[in-house]
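> Next come the chains, spelled out residue by residue.
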Amino acid sequence: MESLNHAASTEAHLEVPAGKCVITYSKLDVEKILSTVKDDGSGAIVTFIGTTRNSFQGKVVTRLEYQAYSKLAIKTLATIVDEATQQFHRSDHQPQNETTKSPPLLKPVVYHRLGVVPVGEPSIVIAVSCPHRKEAFRACEYILEEVKKRAQIWKREFYEGEDERTAVWKENV
Amino acid sequence: MTSASPTITVLYFAAASTATGLPYETIPVPSEGLLLSSLPKLIVSRHPSANDLNHILETSQWSVDAEMIDDPEFVTLKGGEEVAVICPVSGG
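Heads up: the sequence lines are chains A and B, in that order.
Residues 1 to 173 in full-length UniProt numbering are what the first sequence spells out, letter by letter.
Residues 1 to 92 in full-length UniProt numbering are what the second sequence spells out, letter by letter.
Treat the hints loosely; a few may be bogus.
Keeping only pairs whose Cα atoms sit at most 30 Å apart, straight-line, the calculated DSSO-like set for lysine-lysine is [unchecked claim]:
#1 A/LYS75 x A/LYS170
#2 A/LYS149 x A/LYS20
#3 A/LYS170 x B/LYS41
#4 A/LYS59 x A/LYS75
#5 B/LYS41 x A/LYS149
#6 A/LYS38 x A/LYS170
#7 B/LYS78 x A/LYS75
#8 A/LYS38 x A/LYS149
#9 A/LYS59 x A/LYS38
#10 A/LYS27 x A/LYS148
#11 A/LYS134 x A/LYS32
#12 A/LYS75 x B/LYS41
#13 A/LYS71 x A/LYS32
#14 A/LYS20 x B/LYS78
#15 A/LYS148 x A/LYS134
#16 B/LYS41 x A/LYS148
#17 B/LYS41 x A/LYS71
#18 A/LYS148 x A/LYS59
Calculated directly from the structure, the hints in this document are not laboratory data.
Can you make the complete structure from the sequences, with help from the hints?
Below is the structure:
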């Protein structure tokens, strides 16, 4: 098996005022991740769980591997989380004076897994807690789309019956 | 000659790593510096048999010392930098 062990593809975590970002080789524990964003002041937690698919254009995917330039990717994740909290900090139906009294607690976390991810297991988990659902949905979608576009993370798919050396590095389009 | 020629470290990920067969390499740069925009040609010349490397580098972005670079025409590598080839990403 061709190894993707890359010295620069390491575990990383970064907590910024806006939220928390983690890049890890460990299996993503959704319950545990949700518990870190739970907040009694929040009325909603919106969660996105991206899992690995078992097929691509009729081919059977035997496994997927993720690699990252972790030092840079973790900074990119933090920037995205920060942008999300800036953009979606206030709900349309939220009274203006509520904002001045107590700023809404939009609290996102992003976890991305590295290394071999068996089919069906989560590769990314995004959880956003917020007093109002609308901005939590928007922030969660914004974070997902921007991570797919910008985070320095790469996925390789291995197909049944194909030479591993020719396994394809995917590109998000 | 023993003069310490300046070098940079170039990191390869994903398709760039598969094509070169390397996770990284150390590359000497001229003492007057090297434009980042001239680096792809230099990398290709070091890996003449690497499959599709030219195309991979053309479609990639670049980072220097873990900062994304908007315009490689305006960045001069003087030695000591960590440069990374950022192929089109596929996280998520």
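> Take the hints in turn and mark each one as holding or not.
For each hint, the structure was consulted:
{"no.": "1", "hint": "A/LYS75 x A/LYS170", "in the structure": "holds, 22 Å"}
{"no.": "2", "hint": "A/LYS149 x A/LYS20", "in the structure": "holds, 19 Å"}
{"no.": "3", "hint": "A/LYS170 x B/LYS41", "in the structure": "holds, 24 Å"}
{"no.": "4", "hint": "A/LYS59 x A/LYS75", "in the structure": "violated, 35 Å"}
{"no.": "5", "hint": "B/LYS41 x A/LYS149", "in the structure": "holds, 26 Å"}
{"no.": "6", "hint": "A/LYS38 x A/LYS170", "in the structure": "violated, 34 Å"}
{"no.": "7", "hint": "B/LYS78 x A/LYS75", "in the structure": "holds, 24 Å"}
{"no.": "8", "hint": "A/LYS38 x A/LYS149", "in the structure": "holds, 28 Å"}
{"no.": "9", "hint": "A/LYS59 x A/LYS38", "in the structure": "violated, 40 Å"}
{"no.": "10", "hint": "A/LYS27 x A/LYS148", "in the structure": "holds, 20 Å"}
{"no.": "11", "hint": "A/LYS134 x A/LYS32", "in the structure": "holds, 24 Å"}
{"no.": "12", "hint": "A/LYS75 x B/LYS41", "in the structure": "holds, 29 Å"}
{"no.": "13", "hint": "A/LYS71 x A/LYS32", "in the structure": "holds, 24 Å"}
{"no.": "14", "hint": "A/LYS20 x B/LYS78", "in the structure": "violated, 35 Å"}
{"no.": "15", "hint": "A/LYS148 x A/LYS134", "in the structure": "holds, 22 Å"}
{"no.": "16", "hint": "B/LYS41 x A/LYS148", "in the structure": "holds, 29 Å"}
{"no.": "17", "hint": "B/LYS41 x A/LYS71", "in the structure": "holds, 26 Å"}
{"no.": "18", "hint": "A/LYS148 x A/LYS59", "in the structure": "holds, 23 Å"}
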